[in-house]
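> Sequence:
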Amino acid sequence: MLLISMNLTAEPVRLSAGFDSRFTDNAGQAATDEQSDLESQLSLGINHTSDPGRCNSELGSRIAYAYWWDETYDPETYASLDFLGDCTIGGGLVWQVSDYLRDVLQDSRSNDNPTNKTRKNIFRTGPIWTYRLGAVDQLSVAAEYENTEFSEPEQEDSERYIGTVEWNHFFSTSFSGGLTASVDRVELDTEEEIDRATASATFDKRWSATRIRGSLGYSQIETFFNSGDNETDAVVGSLEVERDINPTTSLFLEASRELTDQTSDFDVRFGEFVFNLEQTSAVEVSAVRAGLAKEFSAGSSLGINVFANRSDYLDIDREEERVGGTLNYHRPVTPQMTAVFRTGYDYLVYEDEGTTDTLFSVDAGLEFELNRSMTFEGRIGHDQRNSEVVPREFDENWVLFGLNYQFR
806 MLLISMNLTA
816 EPVRLSAGFD
826 SRFTDNAGQA
836 ATDEQSDLES
846 QLSLGINHTS
856 DPGRCNSELG
866 SRIAYAYWWD
876 ETYDPETYAS
886 LDFLGDCTIG
896 GGLVWQVSDY
906 LRDVLQDSRS
916 NDNPTNKTRK
926 NIFRTGPIWT
936 YRLGAVDQLS
946 VAAEYENTEF
956 SEPEQEDSER
966 YIGTVEWNHF
976 FSTSFSGGLT
986 ASVDRVELDT
996 EEEIDRATAS
1006 ATFDKRWSAT
1016 RIRGSLGYSQ
1026 IETFFNSGDN
1036 ETDAVVGSLE
1046 VERDINPTTS
1056 LFLEASRELT
1066 DQTSDFDVRF
1076 GEFVFNLEQT
1086 SAVEVSAVRA
1096 GLAKEFSAGS
1106 SLGINVFANR
1116 SDYLDIDREE
1126 ERVGGTLNYH
1136 RPVTPQMTAV
1146 FRTGYDYLVY
1156 EDEGTTDTLF
1166 SVDAGLEFEL
1176 NRSMTFEGRI
1186 GHDQRNSEVV
1196 PREFDENWVL
1206 FGLNYQFR
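Just so we're aligned, residue 806 is where the sequence shown starts under my numbering, counting upward by one.
Distance ranges between label pairs, derived from CB positions:
#1 Thr1139 <-> Ala986: 51 to 59 Å
#2 Tyr872 <-> Arg937: 51 to 59 Å
#3 Lys1099 <-> Val818: 32 to 40 Å
#4 Arg937 <-> Ser1106: 42 to 50 Å
#5 Ile1050 <-> Ala986: 32 to 40 Å
#6 Ser1166 <-> Gly895: 49 to 57 Å
Calculated pairs, DMTMM-like style, for lysine to aspartate or glutamate (alpha carbon to alpha carbon, straight line, at most 20 Å):
#7 Lys922 <-> Asp912
#8 Lys922 <-> Glu876
#9 Lys922 <-> Glu954
#10 Lys922 <-> Glu961
Please keep in mind that the hints were generated in silico from the structure rather than gathered at the bench.
Ideal placement from N, C-alpha and C gives every residue a C-beta, glycine not left out.
Hey, can you work out the whole structure from these sequences and the hints?
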């Protein structure tokens, strides 16, 4: 936290407070015996970005306290945090710190309710040393420590030790490529150990309105436990494409395939991806997503995102797939009022069970800006899950009213 305090004077911290109440006719997202309840949340948000300097930091956080009036669930505290910081020590040496905090599902095959959630915190820190080999070549060496903790005791915490060497060659001011080698070891609370080694070729190309970067390589992962060890290898890689079609339209494409485990940050980088934390084994993960953002002359905006991902738990022969998409549309009604429409659809496949589920959500509402600091919102929505496993099915209708105050 030292990095934050060194930069707080550079730019004011932005504080916001919110309160909302959400009435639902199926608080437990149950297939039968639905129970209505009113959930109220009081939240506080903190955001800060430092001015560029020897030390830099970026912080975004939110904490909320939720209370269920008919006591369907006990009071809950929700939190999210994104923190990135670095300090230049000198001689090409930089010390980096990051921390990510999320409320995540414990069982990916159960519904999104408080009993199926845990808090996942990923802290990483370590030095990165960069050395110029010449006018167009650069060498980077990093040694990092990562700690992942879950708030629920049944989930396995871990410590990860990472070493990385990267060589990069600048073919031009807009094109570079290189080689990367990394090794890491994960030690779980269960005394299970997971070793991974990866070698990749990388590239980065920029045009005036387009950027493409990616990697292609080979990875090997080995798990050690009391019952023995298991080794798997695979071709791995990543691809990122960003394209400004015109001044009001942009699109992106992201794809990745990795060998990892459920304590990694893959679900942070690909938000639609959900680890099944009931499993404590190495996992092969693949994810791809694409999106389009469009702004119209009347002030309205449209966002479309589609995705597909797959997780293969290597030691237990368990596979899960998810394909889906979301649509968000905002349209000004008056200078102070905006209409909002959102919808989403997921198709889930559990190959080891031979079952499929579908998730559908839709909501519409209004946002009213009373002044530069105070905003009100009201929304009505419907969520639904259809499944070949009857206990996973549910239908839910809900109404939400809320307000947010931005301190200035």
